[in-house]
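So the protein lines, in turn, are chains A and B. Heads up: the first sequence begins at 1 in the numbering used here, then just goes up one per residue. Heads up: the second sequence begins at 137 in the numbering used here, then just goes up one per residue.
It is worth saying that the hints were derived from the structure and are not from the lab. A hint or two may mislead.
Stated by the list, open to error - Below, in silico cross-link-like pairs of lysine to aspartate or glutamate (EDC-like), each with a Cα-Cα straight-line distance of 16 Å or less:
no., chain 1, residue 1, chain 2, residue 2
1, A, Lys66, B, Glu387
2, A, Lys66, B, Asp291
3, A, Lys40, A, Asp55
4, B, Lys292, B, Glu387
Claimed, not checked - With beta-carbon atoms standing in for the labels, derived distance ranges:
no., chain 1, residue 1, chain 2, residue 2, range
5, B, Ala256, A, Lys135, 29 to 35 Å
6, B, Gln362, A, Asp55, 40 to 46 Å
7, A, Lys66, B, Pro315, 45 to 51 Å
Beta carbons: idealized from backbone N, C-alpha and C, even for Gly.
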Amino acid sequence: MGFERFGTVSFTAQTKVDRFVDLLDEGKVAGTKCKSCGKKYFPPRADCSNCLSSDMEWFEISGPGKLISFSASMYAPTGFEDDLPYTIALANFDDVKVFGRMSKDLEEEDIEIGMDVAVVPVKLRGEKVSYEFKKA
Amino acid sequence: MKRDVAIVGVGQSSFIRGYEGSIRELAFEAFKEAMEDAQVTPEEVGASIVCSAPEYDKQRTPAGLLAEYLGLNPQPTFYVESVCSSSSMGLRVAYSMIKAGLHKVVLVLGFQKMSGISSAESQERMGRGADVMWESPFGTMMPAYYAMHARAHFDKHGTSEADLAHIRVKAATYGMLNPKAVFRKPVDLEKVLTSDVISSPIKKYDCCANADGSACLVVAAGEVAQELSEKPIWVRGLGAASASLTMSGRESLTGLRCAREAAREAYEMAGVGPEDIDVAEVHDCFTIAELMAYEDLGFAEPGEGVELIRDKETYADGKIPVNVDGGLLSKGHPIGATGGSQIRTIVLQLRGEAGDMQVKDPEIGLIHNIGGVGIYGNVTILGR
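Using the sequences and the accompanying hints, generate a full structural model.
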């Protein structure tokens, strides 16, 4: 299996950056960095829009990051009903912003904009993998 | 003032839940009204631009279908898509074709029949308007994205859920006056604030109403427009911009960059500023979206948009009337038809033909129409 292992429901099976899910298995959440111009990307990508190079390397997202915003959803699109309720969030790390979900260990009252978060890989049902934000 | 491209005909179907007909019949309703308004025949239309979001239909390539059904063969026809701002983008393309001298009269037709699928399926399709590789696998949907913007705005500017609720109350006030609105009931503050949470802090009544509908514009070159119409409404400014699809690529969540960029371009082209706008339609897919529009369009400084709604300055008799047709919140939001409907509202306002919704003697109107969660921004300025 390739990139379709990412997330509760995946809509993309093939990508040149499918190593992302292998890195999740290894306990790392990673972005890509252009070896030519040094620009860092998250989500990771195979090609640099800054200098048009396709020579990229992986870098691990290191924390803590700061929470930019979040929202707890009580309804879900088709395919995500069993996950409810869940909280999506955006956090700012050193060079990149990361979009994902908050850990279910956190109650909504415990979450606030500006709080320190770490981003960590998680295992979902079956062979599926993802990542989430925890309080740092 | 430039008088080179004008809107000479507008039409709109009723926006309703569960339209009992096919997309061709839905499109015909707006088309007929616009053609009769412009008093042109199908042979006089040089080209047609069909606008919608394609994932709701079984029909592939609807432009071909509609051009035949509406009697617009053998003239060129094609499809323009920028999700919720498709028909504003259609007007931009029509303007370009006329300015380039390719055609004298161009038709812009937006439509959407959303009721064929369930709300959850609709959220799944809308959610795929995000990056399907990196964000949709988290179960994203439109209300949750706008809720993140609301939360960020609350945190930075001290905005409250009650401030947003006042925007919904205003929308309902005017939706009741609009015979073509899908939601024509009154809504009070308590009803908004006690409605079910969809994605915190967005509640049910902070969300626009899905609807089936169509809207149509007949756009003409200056000399033709003056022959066809006693009250041509001139395209004075067109602004369009884009922003990153992913939230990771956004500088901030307290406004929409695509709207600010599009507004700047439109104001510059029209040679006017926000203080010159007499009536506006903004893309209130959620209450927070209208508040951000006040600030992105320069009607208020960042963080001060709430004063406009608290002081009722965006009501019909206020300083800058906004969405006095009920907006997306009450009039409804049939994706591909929304921009065309907003443009129609402003055309009718500038002609003085907006009935119970008419504001006092407007000369310049503005339309703010956003595709996706701020992916595509279109700002259009029209004048008498």
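So, going through the hints one by one against the coordinates:
{"no.": "1", "hint": "A/Lys66 to B/Glu387", "result": "holds, 14 Å"}
{"no.": "2", "hint": "A/Lys66 to B/Asp291", "result": "holds, 14 Å"}
{"no.": "3", "hint": "A/Lys40 to A/Asp55", "result": "holds, 12 Å"}
{"no.": "4", "hint": "B/Lys292 to B/Glu387", "result": "holds, 14 Å"}
{"no.": "5", "hint": "B/Ala256 to A/Lys135: 29 to 35 Å", "result": "holds, 31 Å"}
{"no.": "6", "hint": "B/Gln362 to A/Asp55: 40 to 46 Å", "result": "violated, 59 Å"}
{"no.": "7", "hint": "A/Lys66 to B/Pro315: 45 to 51 Å", "result": "holds, 49 Å"}
Hint 6 alone, counting from the list given before, is not met by this structure.
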